[in-house]
Each structure stands twice: as C-alpha cells, then as structure tokens.
Amino acid sequence: MTGVLMRSLASPQMLLAPIMVALGLFYFGPIAFGMWASLQAESAAMTGGRFVGLEHYESLAHDPRFHASLWITVVFTLSTVLATYAVGLATALLLAQRFRGREIVGSALLIPWTMPLVVVAVVWGWLLDYQFGAVNYVLRQLGLIDRSVGFLTDPDLALWSVGIAQVWRMFPLAMVTLLAAIKAIPLELYEAAAIDGAGRWHAFRFVTLPGIRSTTAALMLLIGIWAFGRAFTIIFVMTGGGPAAATETLVIQTYVEAFRYFRLERASALGTIVLLLSTILTMLYLRLRRDQV
Amino acid sequence: MTKSDASARLPWRWSAFAAVCVMVILFPFYWMVVAAFREESALLAYPPQLWPTDLAPGLFWRVFSTTNVGTWLRNTALVATVATLAVVPIAAITAYALSRFRGRSVSLAALLIVVTQMMPAVLLLVPYFIIFRELGLLDGLGGLILANFAWTLPVTAWLMRSAFDGVPTELEEAAMVDGCGRFGALWRIAVPLAMPGLVASAVFAFISSWDEYFFARTLISDSANWVVSVGLGSFSGDYATSWQKVMAVATISTLPPAILFLFVQRAFVENVSAGGVKG
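The listed protein sequences correspond, in order, to chains A and B.
For the first sequence, counting from 1, position 82 maps to 82 in our numbering; every step adds exactly one.
Quick note, our numbering runs 1000 ahead of the 1-based positions in the second sequence.
If you are wondering where the hints come from, they were derived from the structure by calculation, not from laboratory data.
All residues carry an ideal CB built from backbone N, CA and C; glycine is no exception.
Some hints could be false.
As the list claims (entries may be wrong) - From chain A, some residues computed to sit far from chain B (all C-beta separations above 10 Å):
#, residue
1, Trp71
2, Leu142
3, Pro243
Said to hold, decoys possible - Okay, derived cross-link-like pairs now, SDA-like style, lysine to any residue, Cα gap no bigger than 25 Å in a straight line:
#, chain 1, residue 1, chain 2, residue 2
4, B, Lys1245, A, Thr153
5, A, Lys183, B, Arg1266
6, A, Lys183, B, Glu1270
7, B, Lys1245, B, Ile1259
8, A, Lys183, B, Ala1019
What the hints assert, rightly or not - Example chain A residues on the side facing chain B (calculated, C-beta under 10 Å, incomplete):
#, residue
9, Ile31
10, Phe33
11, Ala45
12, Gly101
13, Ala108
14, Trp124
15, Phe132
16, Gly133
17, Trp168
18, Trp226
19, Tyr255
20, Ala267
21, Val274
22, Thr279
Please work from the sequences and hints to get the whole structure.
Right, dumping it as structure tokens:
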C-alpha cells in the first residue's frame, strides 16, 4: 500500500509538480496578465480593462524615444558581450598557463563576480566621478587627457561608462566558463600542432579557438540575453537612464514608463516587446545547445 | 622529483604579469575598501593618495550608528534566508527529477526552467506590483521574499541538476535493488553525494537574494523595510552623504556574499561552467 503510494509520488510528474505550479503562478500567469494589460486603454488595466488592440504598440512604433532606446540597447548589448568575452578569454588564457600563485590569481579575479550589483554601481560611479574620480586623476597623470572628463554626465560617454561597470562585474563568468573549455581540449592536439611546427599564435588560432567554439557561441548568447533583458541595476544606480536618456535601454525605459509616469499599459507593451526579442535570442541559444548535445 | 622542485621550475614572468593584471582589475575593489577607512576630507583631497597611510578602523564601524545599515542588514538577512529555505527543497526535487528521468514532461519542465532564466525581470515587475498591491503585500518583507523565491527558484533548480548529474545512477539502482525506495535512494544516496553542488547552489540562491535590487527598490518604499541594496542605492546622487559612508556600507554589504562564496568557490565554479552554459 505505502509502496504504491511511494512509487506514484516518485514519478517525475509528481516531483516536477511544485515547480510547475510556481512557474505558472510567478512567471506565466503574470506574463499573460502583462500581455493582456498591454492591449488595454491607459489606466484601464486596474479597473477591468478597456480593449484598445495594438494602440500602445503603434504609438511606440512612432515614438522617437523608443527608437533611440532600441538603438542604445543594441549598442550596449553588443559592446558588453564582446568586451566581456574578450576580457574573459584573456584572463582564462592567463589562468591556463602554469605559474606560481595561479590559484590565488584565479580566486582574486572572481571577486568582481561576488560583489552586489549596487555596490559595483556606486563604486564605479565614484571612480568615474567628474570631480573626485580616481580614473580622471590617473588619465591626467598619464597625459591621456588634459581636463577632467564627465564620464557619467557626457551623453556621448555615459553608455560606455556603465558598460565598463557591467563588463567588470560579468567577465569572471566568461573566464571560468572559457577556462573549463580550454582545459577540456586534449593536450595531444597541442603536441601534434607543436610537431607540425606551430608557434604559440598558431596553436591558439588552430587548436584553442576551434576547441572553445561551441562554448563561445553559447556563452555569448547567454551574456547577450542577460545584457539585453536583465541589465538594470548598474545602469539605473549609476545614471538613472540619463544624461538626456543616453543610457535609457529598453529595460530602463519600461521601468520609467511604469514607475515614473505610471503608464502601466504602455510599460506592459514595452515589456512584451523586450520579452519577444529575448525569446528570439533564447530560441537561438536553445537551438545551439541542442546541436552541441 | 618533489613537489617543491616542480614549482621551483615554474616561470616567474607569468606570475609578474598576472600580478599586474590582478592589481589593475581589482583596483575598484581595493579603492572601495580603503575609502571605507579614511576621513572624508582625505577622500576629497587632490591629488588622491593611491596608497594611503591614514586608515582609521573607527570610521568604518561608525556607519552602524550614523546610517540605518544595521536594520538594512537584518532585513536583507531575513529575506535572503527565508527565500533560500523555501527555494532549496523545491529546487532539489526538481533537479533530481530532471537529472534522473526522461520523457516529455521532463523535457517540457527543463525547457520552461531555462526559458524563465532568460526572462526580463521588468516584464514581471509590473504584474507583481499590481498583484501585490491587490493582496496587500506591497511594502512588506513578505512580498519581497515571494519575489526572491520566484526569481531564484529556476536558476537554483538548474544548478542543482548538474550536481545530481555528477552522481552515478548505479549507486541508487543498487540501493533500490537492496530494498530502498526511490525516496530512500534519493535521501540516503543521491543527496549526500551531491551535497557540495547542492550547497553551492543554495549559496547561489542566497547571494542572488542578497544582491537583489530591482524588485526590492520597487516593491518596498517604507524605509524601515529597506534591504541593504536599496539603502546603498539611495546614497547614489545624494551629495549630502559622504563617500566614506557610502564605501563603508558598500564594503559591509559585500562581505556576507563574498565570504559565503569563498567557502563554496570550487563547487560553484564547477557547477556554473558545467550547468550554466553548456547544460
């Protein structure tokens, strides 16, 4: 009797039931509500709704602020993905060498990853400060600039400044992932390359790079999906989307619409667009991973 | 050849190069910690002292009386602990099912769990805000615990899956042949063997909740219920607050996640590089 009960409890469906309920309650239900709200008239979603079809989406399609935000998001996503990958690969290659103190260096380089996002934002906000920032001081000492630069107040620079903080926080993820991939490359391949007369660069170009290619693709998409749809805290705390909306990514714009202007329906439409674009990237990611298996 | 002979042969030039890299990369971290121990006037002096000698530990501890960081830490610890305790059992049985069973329901669950990890939080925030307001959960730690529970559950389950993947099924099968039920095998064999990975995943859930700002900033406005991320964020753009105070609070809020991370670093790194990207 208990045996039968235990066996049915141990079925995958029963084990997976709790998380499915949670995902339904906390993800798919709210998203369905958000999509529904995006089709309702302004401030009607709270009071039963008044259907207006795609009106908010049409209005967004003609809104220059939305276009600007879309472009900012693309620039931010692409540049942080490339930079995170580059720094991650460089540090992973360094850690793949054998040298004294490698363990300590490996642990030390994980520190940015353990720091809370808000901490990263305030620390970098201070480093890049116009008046008191250490970065301005160092650049001036090195003679690279002759007057202080408003890293966070100049609309042409602000997006790059928040991008640097984002990359600094994210690169250890790329580092550990790529290091694992590099270590998984069979040593024989390097030996064979050496016999064929390959130098350091050729070994990197023809053994290491092909060896980490599948990891690279999946990693870049993953970082990209997060930078696109989830990067909020660092930007919001450092600049709040400013100056002059120069760092207003789609996520920040959605937030501003909802909680500064309280246009929840329009914000829901924006959120739905972010979700659709994220979903496309996610499908690419899943497809890539399936191909690897 | 002894071990010390082997390490004596390792080249120094890579060590030197690595040391320079670490110093450059970790400068922001160093600058934060150092600033937490210095007088405000010293921080505003020009030129800044990159290697200061005027550190005063008393200044660091003073933020506990000059800011509400004590309350914030208590709220954060409460939210992160309760959310993690709620996440761990559900994530663990989910991870076990994902690791040990095949079939359509398992693939569907795996797909949904991965998809939710990609979802933009901002899309959830507006519905959460509305629903929490209707349920009277706004402005309370209970609502924030729910949000953190929801947010960390899928990723924790996913990380735990790779912990179970590392445990060979043969051991459980042998135990089941010997008369252990599925739950007995799970509890007595799989869980103990997967423990390092499970603990690392639980720590990850805790750190994520500790770190969380997006929901906390929106769902809580009463400053008595602020968590440390929101308290720290409130300093940003407020020129009345001294940098020393900001950096002291920043350092304090970094300590708990950093120390926890130190304990589980190895399992954590293995887990992420195995499960996070390649799955």
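Checklist entry - Can A:Ala267 be said to touch chain B, with a Cβ gap under 10 Å? => result holds, 6 Å
Checklist entry - Holds or violated: is there a CB of chain B closer than 10 Å to the CB of A:Phe132? => result holds, 6 Å
Item to check | Interface hint for A:Ala108, Cβ within 10 Å of any Cβ on chain B | outcome: holds, 5 Å
Checklist entry - Is the hinted pair A:Lys183 and B:Arg1266 satisfied, with a Cα-Cα distance of at most 25 Å? => result holds, 15 Å
Item to check | Beyond 10 Å from each Cβ of chain B, as asserted for A:Leu142 | outcome: holds, 13 Å
Next on the checklist: Hint A:Gly101 vs chain B: min CB-CB distance below 10 Å?
Outcome noted: At about 5 Å, which falls below the 10 Å cut-off, the nearest Cβ of chain B leaves the hint on A:Gly101 intact, so it holds.
Checklist entry - Does the CB of A:Trp124 sit less than 10 Å away from some CB of chain B? => result holds, 6 Å
Checklist entry - Does A:Lys183 pair with B:Glu1270 here, judged by a C-alpha cut-off of 25 Å? => result The hint holds at about 12 Å.
Next on the checklist: A:Lys183 and B:Ala1019 were given as a pair; does the straight-line alpha-carbon distance stay at or below 25 Å?
Outcome noted: holds, 22 Å
Next on the checklist: Does the closest beta carbon of chain B sit nearer than 10 Å to the beta carbon of A:Thr279?
Outcome noted: holds, 8 Å
Next on the checklist: Quick check for students: does the CB of A:Pro243 sit more than 10 Å from each CB in chain B?
Outcome noted: holds, 12 Å
Checklist entry - Measuring from the C-beta of A:Val274 to each C-beta in chain B, is the shortest one below 10 Å? => result holds, 5 Å
Checked against the numbered hints given earlier, this structure breaks none of them.
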